[in-house]
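Visitor: Sequence:
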Amino acid sequence: MNGAKHRFALGLTCFFLIGITVVYPFLLYTPNAFVTRWREWYIETAMGTMTHQWLATWFIPENIINEVMTKRYLMNQKQEGIVSNWDGAWEEKDTAETPKDKFYAMFSELNESEFESFLADNPEYLENGYDEINIDLIGEPSQTHYDTGLKTKQGDTVLAVNAEHGILIVEQTGEDTLGMEYAGKIALCKSLRISLSARARLGDYGSFVSDMVRDYDAVLGINASGFADFDGNGTGGTVYGFLKSQGEKYQDAVGNGWKIIGFDNEDHLQVGAFNDTSSLRDAVEFHPALIINGENLVAGTGLNEQQPRTAIGQAKDGTVIMMVVDGRQMHSFGISIERCGEIMEQYGAYQASMLDGGSSSVMVYRGREITSPTTLSQNEEGRYLPDAFLVK
Numbered sequence: 001m002n003g004a005k006h007r008f009a010l011g012l013t014c015f016f017l018i019g020i021t022v023v024y025p026f027l028l029y030t031p032n033a034f035v036t037r038w039r040e041w042y043i044e045t046a047m048g049t050m051t052h053q054w055l056a057t058w059f060i061p062e063n064i065i066n067e068v069m070t071k072r073y074l075m076n077q078k079q080e081g082i083v084s085n086w087d088g089a090w091e092e093k094d095t096a097e098t099p100k101d102k103f104y105a106m107f108s109e110l111n112e113s114e115f116e117s118f119l120a121d122n123p124e125y126l127e128n129g130y131d132e133i134n135i136d137l138i139g140e141p142s143q144t145h146y147d148t149g150l151k152t153k154q155g156d157t158v159l160a161v162n163a164e165h166g167i168l169i170v171e172q173t174g175e176d177t178l179g180m181e182y183a184g185k186i187a188l189c190k191s192l193r194i195s196l197s198a199r200a201r202l203g204d205y206g207s208f209v210s211d212m213v214r215d216y217d218a219v220l221g222i223n224a225s226g227f228a229d230f231d232g233n234g235t236g237g238t239v240y241g242f243l244k245s246q247g248e249k250y251q252d253a254v255g256n257g258w259k260i261i262g263f264d265n266e267d268h269l270q271v272g273a274f275n276d277t278s279s280l281r282d283a284v285e286f287h288p289a290l291i292i293n294g295e296n297l298v299a300g301t302g303l304n305e306q307q308p309r310t311a312i313g314q315a316k317d318g319t320v321i322m323m324v325v326d327g328r329q330m331h332s333f334g335i336s337i338e339r340c341g342e343i344m345e346q347y348g349a350y351q352a353s354m355l356d357g358g359s360s361s362v363m364v365y366r367g368r369e370i371t372s373p374t375t376l377s378q379n380e381e382g383r384y385l386p387d388a389f390l391v392k
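Sequential numbering from 1 applies to the sequence shown in the working numbering.
The hints are simulated quantities; they were obtained by calculation from the structure and are not laboratory data. All residues carry an ideal CB built from backbone N, CA and C; glycine is no exception. Treat each hint with caution, since some may be false.
To be verified - Each computed DSSO-like pair below joins lysine-lysine, with the alpha-carbon atoms no more than 30 angstroms apart: (1) 100 / 316; (2) 316 / 102; (3) 78 / 249; (4) 249 / 392; (5) 153 / 102; (6) 102 / 392; (7) 93 / 151; (8) 316 / 392; (9) 316 / 78; (10) 249 / 316; (11) 93 / 316; (12) 93 / 153; (13) 151 / 100.
Said to hold, decoys possible - Pair ranges (Cβ atoms, derived): (14) 81 / 112: 37 to 45 angstroms; (15) 380 / 128: 31 to 39 angstroms; (16) 66 / 278: 33 to 41 angstroms; (17) 94 / 145: 31 to 39 angstroms; (18) 81 / 122: 48 to 56 angstroms; (19) 366 / 58: 42 to 50 angstroms.
Work the whole structure out from these sequences, hints included.
Guide: Spelled out as structure tokens, the structure:
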């Protein structure tokens, strides 16, 4: 028996030594394209978090990490000094006369003939007219690959249409870096009734997004700014960066490459490092910007780490695009920053930016979470957060 134990211990020691002397250096330094892509993905994913960077820094040399993270530095350089400018870009929608024409003018992403066929098969949705259509086919937050029979012109499955509040929700699925799947939701908001709830007070707890949606009598909400998160135990009560809600400023900007993201008094989404914030009504601060003045600032950056993400954008016709993608879960590994920019482009974003992501990412619609937050507590409501963008 002792001989067997000694042989097992010797084999385990040899395996460990081979790993250290052969496999480990190979994984760190080989130029093999396949291994390099996985190595860069791993480093970017770990370093892209606030609390799990040790997964890279503990056993990967600093010079290798810095080489990989140079891509992020170059992206930040490209964004320096760029600010939103809507002059001449805003497009007024055509005035439609009938309720049906108004409906399709509002939800221009829908294919009219396909949607009419859907209504013919489901006449109950049209009982109160086009301006009262309210379709909600959203299941559990982690459900993916819906087959509702409806798609947007961009090819995404339609999950909800709320004519009264001007909201169209679609499923967003695909494969990102290294062929790993992601899944989330996009809300296309037409009403321009966007506001920012602010719950953070220094030293206090924040709130769940679902609570903010309820308390502000909103229909939809997504998480917004970041917050102090010491050792991953943040209570969402100490907001990080600029914060202005309903015209009241709570905190100044931190700058250093971070962007102010929010709506001015004319409901235009503004993104940039603004010296004068007096015209902003509801705004937070985060980074990076995705699209400013129609230019995709993250295209070709090679940033391929997959994380849970939240992003916001606005098209020239005023449509506000809210996107939340799940991550760190079996149904969705997460999505890269570069892919977020591509999706915003597909839906016509003229201005767009990332918001806080990770375990903060969540979308709430009609009082329930429709995305799946990833938290250590596995709380379906997500984390306590300082604020949220709301649609009333």
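Visitor: For each hint, tell me whether it holds in the structure or not.
Guide: Hints versus structure:
{"no.": "1", "hint": "100 / 316", "verdict": "23 angstroms, holds"}
{"no.": "2", "hint": "316 / 102", "verdict": "18 angstroms, holds"}
{"no.": "3", "hint": "78 / 249", "verdict": "29 angstroms, holds"}
{"no.": "4", "hint": "249 / 392", "verdict": "21 angstroms, holds"}
{"no.": "5", "hint": "153 / 102", "verdict": "18 angstroms, holds"}
{"no.": "6", "hint": "102 / 392", "verdict": "20 angstroms, holds"}
{"no.": "7", "hint": "93 / 151", "verdict": "22 angstroms, holds"}
{"no.": "8", "hint": "316 / 392", "verdict": "21 angstroms, holds"}
{"no.": "9", "hint": "316 / 78", "verdict": "23 angstroms, holds"}
{"no.": "10", "hint": "249 / 316", "verdict": "27 angstroms, holds"}
{"no.": "11", "hint": "93 / 316", "verdict": "10 angstroms, holds"}
{"no.": "12", "hint": "93 / 153", "verdict": "18 angstroms, holds"}
{"no.": "13", "hint": "151 / 100", "verdict": "19 angstroms, holds"}
{"no.": "14", "hint": "81 / 112: 37 to 45 angstroms", "verdict": "43 angstroms, holds"}
{"no.": "15", "hint": "380 / 128: 31 to 39 angstroms", "verdict": "32 angstroms, holds"}
{"no.": "16", "hint": "66 / 278: 33 to 41 angstroms", "verdict": "40 angstroms, holds"}
{"no.": "17", "hint": "94 / 145: 31 to 39 angstroms", "verdict": "35 angstroms, holds"}
{"no.": "18", "hint": "81 / 122: 48 to 56 angstroms", "verdict": "51 angstroms, holds"}
{"no.": "19", "hint": "366 / 58: 42 to 50 angstroms", "verdict": "44 angstroms, holds"}
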